[in-house]
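Chains as they are written, first to last, in the numbering used here: chain A, 7 to 172; chain B, 17 to 822; chain C, 270 to 537.
The hints are simulated quantities; they were obtained by calculation from the structure and are not laboratory data. You may find that some hints are simply not true.
What the hints assert, rightly or not - Distance condition first, Cα-Cα at most 20 angstroms in a straight line; then the derived EDC-like pairs of lysine to aspartate or glutamate: (1) 30(B) - 622(B); (2) 101(B) - 206(B); (3) 689(B) - 22(A); (4) 754(B) - 132(A); (5) 439(C) - 684(B); (6) 437(C) - 680(B); (7) 9(A) - 138(B); (8) 164(B) - 732(B); (9) 599(B) - 620(B).
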Amino acid sequence: MAKTQVTMTVNGAAAEGLVEPRTLLIHFLREQLNLTGPHIGCDTSHCGACTVDLDGKSVKSCTLFAVQAEGGDLLTIEGMAAPDGTLHALQEGFREMHGLQCGFCTPGMIMRGYRLLKETPEPSEDEIRFGISGNLCRCTGYQNIVKAIQYAAAKLSGASVKEAAE
Amino acid sequence: MNAITQSKEERAEKLQGMGCKRKRVEDIRFVQGRGNYVDDLKLPGMLFGDFVRSPYGHARIKKIDAAKAKSLPGVLAVLTAADLKPLSLHYMPTLAGDVQAVLAEEKVLFQNQEVAFIIAEDRYVAADAVELVEVEYEELPVIVDPFKAMAPGAPVLREDIKDKTDGAHGKRKHYNHIFNWQIGDKAAADRAFDKAEVTIKELISYQRVHPCPLETCQCVASFDKIRGELTVWGTFQAPHVIRTVASLISKIPEHKIHVIAPDIGGGFGNKVGAYPGYICAIVASIVTGRPVKWVEDRIENLSTTSFARDYHMTTEIAATKDGKVTGLRVHVLADHGAFDACADPTKWPAGFFNIVTGSYDFPVAHVAVDGVYTNKAPGGVAYRCSFRVTEAAYCIERGMDILAQKLGMDPAELRIKNMVRREQFPYQSALGWEYDSGDYHAAMKKAMDAVGYRQLREEQKAKQQAFKRGETRDLMGIGVIFFTEIVGAGPSRNCDILGIAMFDSAEIRIHPTGAVIARMGTKSQGQGHETTYAQIIATELGLPADDITIEEGNTDTAPYGLGTYGSRSTPTAGAATAMAARKIKAKAQMIAADLLEVSEYDLEWEVDRFRVKGNPERFKTMKELAWAAYNRVPKGLEPGLEAVNYYDPPNMTFPFGAYICVVDVDVDTGVTKVRRFYALDDCGTRINPMIIEGQVHGGLTEAFGIAMGQEIRYDEYGNVTGPTLMDYFLPTAVETPKWETDWTVTPSPHHPIGAKGVGESPNVGGVPCFANAVNDAFKFLGSTHIAMPHDHWRTWTVAEKLGLHG
Amino acid sequence: MLADLGEDARPLAGGHSLIPMMKLRLAAPADLVDLGGIGELKGIRTEGGDIVIGAMTTQHALIADATLAARLPLLGETALLIADPQVRYVGTIGGNVAQGDPGNDMPAVMLCLGASYQIAGKGGERRVAARDFYEGAYLTALAPGEMVTAIRIPVPPQGHGAAYEKLKRKIGDYATAAAAVILTQSQGRVATCSIGLTNVAETPLWAEAAAKSVIGTALDAAALKKAAALAEAIAAPASDNRGPAEYRRKMAGVMVARALMRAQSRAA
């Protein structure tokens, strides 16, 4: 299949590559841009481990061709921490609240949490659960992921952060 | 504040040792997307492998034509059984004493069985090539009902062992039979049943499911022709075992094989055994001289690499009419699919199913298990289960509920009446286990008080009346269970994997500046070992956990271990860690005595230092002793400060728990809503309460999935129905209930730190708790046993058959 | 462009039905025409007594639209029951109505609302009523080279009540059975009613008899039971992992009854 040039902004920097029209965005990110944070967990667009933020939307990068992201503005887990290494409130919240175990769903979960908090800065527990219903986790049972997102919501809004209970 | 004036409590807190909610070390890389999972690995010249698979459940292979595939640009080779046979690799040994086809030779025995292996430049070309391989099949009749596997005249499945009457576990009584395994006292049990006042008998089936970790099975194999050395990175819960097996079957000497398990995205038992994909990737690398990566997709994962359960348990309990159990008999029909690839310790073809007496004091019991072949995927493995313990717990907990119903007793009351009493520990069960410790009655009381059990039963009675009056269409159910499980395999006298005893190991080395590196023979797939093993060492040696690096998974550097599954890490490697630390501590004590010019017997240990008894201002901290070990050791001792321990556990450990669940069933749709789930776990000493809680949440969520919808089902033609995440029920955050966790602590008397392990308890106890709750909802209408999964349509069908739809 | 590329070309809207099928190699179009850049296909506007929605409008945009929330909340409610947040950001209403997949939710809602589809092709433009559009599983009134460009929905009267009741195994699943209901009331009795059914036949179903049967009633238990039975009578669902056909048929009835009750509670 003839290859085509594709260009986009990823984590604030220009990125480009040569892809087949059928090359999925997840493979372009992982294999050509070496951004192995987004993961592949299924074949049927259910698990959400591949979630990235594209032009202000949470998208499953396994269900888009790389060419569909031409000219787009992408944020992946690798772009979440500040340039000086300070973790984003979500990354910090996941650690504080034990919102991960094997770590495989975590990049997708955090990227979805990022957009969710932009949609709804102070979500209720039910809104969080509904908001992450496109992301599957096999390890945590979601309860601490909810707490992690609540932690981040509080921190981002400037409210005092609840210490992990002793 | 300095080393003298800091209080004992402050110093202990700084260590972040055992008992504290230490934040996880692993998280730092995972939250930044910098984990190192197998598919993240890129090596120069790396190729990609993919399988051609059988569409049929049972068929002869007449012809394989790979010409079109081979001529596709980017395809290097297509392997079939004919290529593997000269290397004797077309079959591989399983952990259960059987063999499994790596690539099908003359016939295929289950849908999606591996038939050919494509080696290509990239995964897209490999997938294209898979479509181009033409295979001619001649269909054969299929067996998917294990109850029909041993019928006279049933189709022969395993032609390769057709005439072998001696199986790996004794005589085979039919060509589709695998083994018969028995334990207990049959004569005594039969006598108890003959004179019993009350008996129950029920076929309790545990459906076939799959562990389904979010990351599928995968590996990268790289054979270095110049050095004659093989390196394999893979999703291996037991990397050393994989290395030994690889050496035995490939004839490459073991010291020239390097097996590395990097970060693993969940295991749950799926990643214990070896799979055709690993073997083919290794062969492909040897043949091409380049690294070869194999990554299975989700459909392949759910339909070929290791199912779990598929146990059909005919269960009988004998009791007195006032509810004292007098005997237990269970016959199990075990469906192993096309090959017995069960990952059990060798002498235990039915795992530790003989824990089936559970938490109850049965004076006599007998278990018999018959394993059979069918046209389904091979296996099974322990899906967060510790070797058939989930099956056993489901069996006895359903059985006790059925008995309670027949006796007209409350299910909690029946359990309390029969639970092993505290003074009976260590307890010898009728099926051969010595339970180490427990205070069951205290735990049960705590659980029942916490949920307000009596009030729940009253509420249920009122709701039942309301239902009968037509005021509600919901049925309330209360599930109660009290499980005892058996983990920590295991003592060398009865536990081995392919002949290697199931000890485990830890090697600890302290550097001159008091920092530590330690390696264990286990392999975390999310359990947080980098965090928790350091906590053990921190408490044992008085060095801060943050100064301790934990490594697992590299077989070149880690001492030999049997891996992580069956909740064995804390009981075995955790013990080895403590023991190795104590060896180091003993040497440090000698160094301290020498430095302080006192006898060792004049020293006492406090948090992070040895101090002189009666003269506490004279002390040496472990950090100081580390430095001293490298420059001033007493005469007769070597420099350095390190130790290794291989721990052969004297016994298994027996975590237990009381779970109570409240559900509301909508009879018109069959939808069950979980109103409340309370889980009390006793795992002995609690190393990191935050991690324990996380394990319980995760295990309960898996249990919820199993009880309420997971199923790998085959139709009558041998088609596996629904091996994708559209159909395989993995609950989202919306369906998943909120979990309440609680605990008691009954340390294990034989474990160096009294810890028992906890990872699997919630799956062991969770499934029967949900099942008992749904069953309980329908009891008052005459229902005695409803099989899992309790998905909408099955639950609705129960209501339909009870005439509830008017 | 589609017509020029021939039969093996498909339009690419959100791609969240098509791309999963391509990954499983169940669909293998030789060419895809990406509609993403065509501005005229997006947007929601009112035109006379109709709401007109561009085919490329995402589910997310439907949920967020203030006009729809005020005048036709049934659409946003249905969209929230489709798939998951990520899919809703990309999946389009055009894709959802035009595929002919019996599992898609919007078609039954379109039948219920009496919507029509604007279709463009080499031969020009035409309009087809949703109730005439679905012929079989993946079979629609679209000729090769044609595509749906907009959905036209007559604005329901103020004070209407509507509901979409979807029984599913989990978030993201297709319906075990689902019902869309819209009705108006007058003095406590149903004045007008329309019902659509999802995933209980090869096509979405317009339950005409069931809807007619509740007119003039107060939706008492007997009326609901009758409507459910009439819905069941036209349902012919497949047996699948959601349940046997008989169960799914009965659930069509249960969903109709529940949707009627909820719609009634919202009607003036």
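- Broken hints, by number: Structure breaks hints 2 and 3.
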